[in-house]
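*Asks:* Protein chains in written order, with the numbering used here: chain Y, 1 to 82; chain Z, 1 to 312.
Honestly, the hints are just simulated from the structure, not real lab data.
Since the structure is predicted, the reported quantities are computational estimates derived from the model, not experimental observations.
Glycine included, every Cβ here is placed at the ideal spot set by N, Cα and C.
Heads up, a few of these hints could be off.
[To be verified] Partner residues are not named here, just some residues of chain Z that face chain Y (Cβ under 8 Å, in silico):
{"#": "1", "residue": "Gly67"}
{"#": "2", "residue": "Thr139"}
{"#": "3", "residue": "Phe144"}
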Amino acid sequence: MAKDITIYTTNTCAYCVMVKKWLTAKGKPYQEVNLDETPERAEEAYKISGQLAVPVTVVTKDDDQKEVIIGYNLAKLAPAVS
Amino acid sequence: MSETEDIWDVLMVGAGPASLSSAIYTTREDLSTVIYEKGVIGGLASTTDWIDNYPGFAEGVSGLELGEQLQQQAERFGAKIELGEVLGIKDVGKYKIISTTDGDVKARAVLISTGSDYKRLGIPGEAEYYAKGVHYCATCDGAFYREKRLVVVGGGNSAVQEAMFLTKYAIHIDLIIRGDKFRASEVLIHELDKFPMIKVHMNTTTDEIVGSDGKVTKVVGTNKKTGKKVDFPTDGVFIFIGLLPNTGFLKDTGIELDEIGLIKTDENLETNIPGVFCAGDVRSGATMQIASATGEGATAALKIRKYLEKNS
Ligand SMILES: Cc1cc2nc3c(=O)[nH]c(=O)nc-3n(C[C@H](O)[C@H](O)[C@H](O)COP(=O)(O)OP(=O)(O)OC[C@H]3O[C@@H](n4cnc5c(N)ncnc54)[C@H](O)[C@@H]3O)c2cc1C
Numbered sequence: 001m002a003k004d005i006t007i008y009t010t011n012t013c014a015y016c017v018m019v020k021k022w023l024t025a026k027g028k029p030y031q032e033v034n035l036d037e038t039p040e041r042a043e044e045a046y047k048i049s050g051q052l053a054v055p056v057t058v059v060t061k062d063d064d065q066k067e068v069i070i071g072y073n074l075a076k077l078a079p080a081v082s
Numbered sequence: 001m002s003e004t005e006d007i008w009d010v011l012m013v014g015a016g017p018a019s020l021s022s023a024i025y026t027t028r029e030d031l032s033t034v035i036y037e038k039g040v041i042g043g044l045a046s047t048t049d050w051i052d053n054y055p056g057f058a059e060g061v062s063g064l065e066l067g068e069q070l071q072q073q074a075e076r077f078g079a080k081i082e083l084g085e086v087l088g089i090k091d092v093g094k095y096k097i098i099s100t101t102d103g104d105v106k107a108r109a110v111l112i113s114t115g116s117d118y119k120r121l122g123i124p125g126e127a128e129y130y131a132k133g134v135h136y137c138a139t140c141d142g143a144f145y146r147e148k149r150l151v152v153v154g155g156g157n158s159a160v161q162e163a164m165f166l167t168k169y170a171i172h173i174d175l176i177i178r179g180d181k182f183r184a185s186e187v188l189i190h191e192l193d194k195f196p197m198i199k200v201h202m203n204t205t206t207d208e209i210v211g212s213d214g215k216v217t218k219v220v221g222t223n224k225k226t227g228k229k230v231d232f233p234t235d236g237v238f239i240f241i242g243l244l245p246n247t248g249f250l251k252d253t254g255i256e257l258d259e260i261g262l263i264k265t266d267e268n269l270e271t272n273i274p275g276v277f278c279a280g281d282v283r284s285g286a287t288m289q290i291a292s293a294t295g296e297g298a299t300a301a302l303k304i305r306k307y308l309e310k311n312s
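Put together the whole structure using the sequences plus the hints.
*Replies:* Next up, the structure:
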């Protein structure tokens, strides 16, 4: 089970919208960090993912293990949030 | 769905402007319609920052907004959108069997509107630094380059449009063009004059992407006139050198493609396999615009209706 889902996004990123649409369809609540509104957190997204790209989805499991999924990748997102 | 078994009237591959427009028509004709989308609903149009030439929006419209509106309009009349990929299509006479990442689905007619994906340069460093300094989507990844330097590769509409978008973030952009002129529209070339931070380098090849400590530091090119190597110090590279048709999944279907992999159709937008239609960017002869993609989608819907009337 996921305790927390946080997505790093930007205003114009269509793949970010898809991650949000998919999570909503699955009934999974999430928090969003919009890097256009909080540019100071871009470095944090880079540190977590090692990539200069969004969406970055961080799934915190019940045992506090974190899984980081880069991009709109259902093959990885689905098992991570299940 | 039709009364016999679970057979959709129409299955559409890809939820770009062509399919979404087509689905508005098929659903209003009471044809049960499902669309499979492996990426973004709204297609390539949704990944475009701003669209100025789609009729009906006097001031232009953001790509995301247009995609959202098209989706809602298609869904309003009952189109079902599934988030999954189509892997193959088999014609078994009365219907087609479509294999998807969620299993096999049956449909009496199929519309292929899979558009295309960005071409890669195929140079050293490109794969290594993918998403770590090498990008193909400005609206997705541009925000990481606030106050940074960028290289944009390409001389067509996409490259010019995206370079201008990236000036929202970057302080300097080197636009590298292999040929001796732009392939972009006059309006866009003219617009470029308003962006002094974009420096254009014609007749220049892009040879290598170099980095250190996991980040891109420079792009190495060659000036074709002098034969000399040129270094472009940069924090990232955005590549827009054209598109590759999304037709790989049709390899074993017998659907006829042209020499660059676009789908051949007749004047009814039907492929060589009866009941399999094609519209939008992936169709051989298409004009690669949203307005034409939605137009072809509407045409295909009406041709599909005729086909289903004849073959039911
Ligand atoms: C940077 C850029 C800027 C542009 N600007 C403009 C502009 O200003 N005005 C304009 O008119 N046009 C513009 N275009 C062109 C426009 O985006 C396309 O003409 C239009 O999106 C084509 O629509 P389509 O439905 O044919 O294909 P697409 O929009 O490409 O949609 C195809 C969809 O199919 C999906 N797909 C592919 N394969 C599969 C599969 N096997 N299974 C499931 N789904 C699949 C893809 O994920 C995609 O979402 C621009 C293009 C680019 C790249």
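*Asks:* Any of the earlier hints contradicted here, and which numbers?
*Replies:* none
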